[in-house]
Amino acid sequence: MGPFLPFTLKIDPTKTRLWKELKLGSPLIACRYDPTGKYLFATAQDSSIQRVNVLDASTTKLSGHQGWVRSMAFSKKDHLLVSADYHGVINLWNWQQPTPKPSNTIEAHDGWIRALAISSDGQTLASCGNDLKVKVWSLPDGRLLKTLEGHDYHVYNLAFHTKEDRLVSADLKGKIIDWNWHQASIIRELDAKVLHKYDKGFMADIGGVRCIAFNNAGTLLACGGITNVSNAFAGVGNPQVVLFDWSTGKIKQQLVPAVAFQGTAWGVAFHPDGFIVGAGGGNGGQIWYWKPDQPNSFHTVSHGVSFRDMTLHPQGAQLGVACSDGVLRQYSLLALVSKIKA
Amino acid sequence: MQPCSYQCGTKEHLHSRRTFLMGTAAGALGFAGMTTMASAQSLKSSQKRVLVINLAGGASQLETWDPKPGTDTGGPFRAIKTSVPGIHICELLAYTAKKMHRLALVRGLNTAEDDHGKGDYIMHTGRRKEPAFDYPHLGSVASKLLSPSESSLPGYLHITPSGGSSFGKQDAAFLGPRFASVTLANGQPPPNLFAPKNLSPDAEQQREQLRSQLNQRFQRSRRSAQTEAYTASFDQAEQFMKQAHIFDTGKEDPRLADRYGKHDFGRHCLMARRLLEHGATFVKVTHSNYDTHHENFDFHIEQLGEFDRSFATLIDDLVDRGLWSSTLVIVMSEFGRTPRINHLYGRDHWSKAWSVALGGCGIQAGAVTGKTNANGTAVTDREVHGGHLFHTYYRALGINPAKNLHTPDERPIPLADPKASAIKELLA
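Going down the list, the sequences are from chains A and B. Each residue of the first sequence is one higher than the one before, starting from 1 at the first, in my numbering. Each residue of the second sequence is one higher than the one before, starting from 1 at the first, in my numbering.
It is possible that part of the hints are untrue.
Claimed, not checked - Taking beta-carbon pairs under 7 Å as the criterion, some of the chain B residues facing chain A (in silico): (1) Thr73; (2) Pro76; (3) Phe299; (4) Glu302; (5) Leu344.
Calculated from the structure, these hints are not laboratory results. Remember, predicted model here, so these are calculated numbers, not experimental data. From the three backbone atoms N, C-alpha and C, an ideal C-beta is built for every residue, glycine too.
Next up, chain A with everything else stripped away, as it sits in the complex:
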């Protein structure tokens, strides 16, 4: 029988604190925990992927991409990591190998691949990018199953529904398509155009769905990016996460930081405890926590460095943040709670 400890650990987002920092070198682009939570993977502007052991911070470099890697997705089945780069290449890896090498390489898209998603059963991969296409592949063989065409602008993100055999993709202009991917047909469209603006002064489009997630029950879809843009070339705008009621396809809530912040929401996730976590960058970085029925964040964590991506640990106790200064930061959501009643 162990010693009696008068404290226990409890997830409390309001007690979020910077837990670990690891300088990886080149400015980081994206990060993801593997499904077991043992490793945190980060991609960088040197086109590398680095695997970081969460406990001992040992790192392993995964070499195989020639272009920037914006997206990674995992399947527990076969310990599969799929990564995609801006040269249109998808690589498949076994993330547990001592030094992972690509087991399969697919010339998947013409130009940038902006996002990947793997279905909950681990059998299907989806990819999207600047060729305006969404492609669906079988795993682990990487065979092309379907090519979905319905976007008129660069396709920025996608996600498989957590309960139904459905796929959504979202583009620069905030058009979200709900696909029956088996038939390559569009079921409906959702509207997140609040995340896009054509800046008449700058004469260019800005925005797009930069992050996307379904909740575990499949009742909510969150899409994040930038809104209220007043100056496109300086990135002057505010982050926002648009929360959709999946059953109706209507916007349920527009989630914004409670504290004024200029930048883009680059990451969003549904925490198992029911709150929503987002993170973004611009003039520094911020992490936001929202309740689904309230527009303003109930807690905000700020940092001086711009955040470019965020990933939630499978157990929900930590966040990983990819930072523009080349540092991979982990935040802990755990707080000490006394077991002794007053």
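Given the coordinates of chain A, assemble chain B onto it according to the supplied hints.
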């Protein structure tokens, strides 16, 4: 004010003008297409022109003419082969890469000026801005030195992406308002240029005769540069009014027009071609905006996606019409962008090591001069600045850069900065 002669009036120009007018007259009789081509063929041998594509805001040299893939500054894009062996440019210029054998690159440009306005001034005048003196734009100088004496088009035309039409007399500096820029906002002719529809041709003619008589009477006693400019602008406007067909792009074969792309910049490049083939001396097309402190890569995909195809098509059309070898083509910005990628995926202002592209009249096609270091932060070979560019432009046009222009008080001003010289390896 001193009376002065502002017109070049050489026999060569007069010949060009006469031939051109014959062409347009015949065009009115129903041979428009053939005559336009004939005029262009004739013009090509005698009239030299300038086309400037101004990528406003500061296009990234790394995403255009001097890519550095695989380095810490290189960004996400690849370098691709061009039609000239050994020359690689950014993959965002896939169409232009196929025309590289018609272009030349200056990769060692150091203009040492990171301010938009001051950088723009250097690139338009070849000089640094001085507190008490203004130099004329290249367009104004070209208007003075290259325009046929009775040109029906303003000598310095600027197609802007938006805004209103304007008359940029400050661009002409001491050359006077006669050589000012005339803005064609969004490729449209100046408003009120054409006579009201309810004004009959006879009434218009009578009105013009009265104006002319009054003007001549006034000039007999008070002739000055201002009055001459005023008179010339009316004369030119009268000629310009007869050229309305230039702006009617609806007469273009839709398939040919569509090659420029279905966007404003494509339409503006098509308009530039039409202006040049109808005798315009200097046409600047501004494409906006490249000031990408934020999301440099996404924005360059969007902007260069427009520029690339339109510019490559414009090259083809100028070649096909026999205008390429007599048209100096300059693709420039006010500066480049930082090799360092900032925290917003942006690039900031950078004038220490950047590039311009040239082509056409007097330019050695396929040449590259200047070199930057591995990650593009500094020029390592054949560094040049704005003065060198302007010497090169004038040499390419067959103009002595040491030639003096004169201010109204007869102060001689050399065309190009005397401390610089032409980039000879770029001259054909």
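*Interface hint compliance - Glu302 of chain B to chain A, C-beta minimum distance less than 7 Å*: Status holds, d = 5 Å.
*asked:* Let's test the interface hint: is any C-beta of chain A closer than 7 Å to that of Thr73 of chain B?
replied: At about 9 Å, which exceeds the 7 Å cut-off, the nearest Cβ of chain A leaves the hint on Thr73 of chain B violated.
_Interface hint status, Leu344 of chain B versus chain A (Cβ within 7 Å)_ = Interface hint status for Leu344 of chain B: holds (5 Å vs cutoff 7 Å).
*Does Phe299 of chain B pass the interface check with chain A, least Cβ-Cβ distance below 7 Å?*
5 Å, holds
*asked:* Given Pro76 of chain B as an interface hint, is its Cβ closer than 7 Å to any Cβ of chain A?
replied: 4 Å, holds
The earlier numbered hint that this structure contradicts is number 1, and it is the only one.
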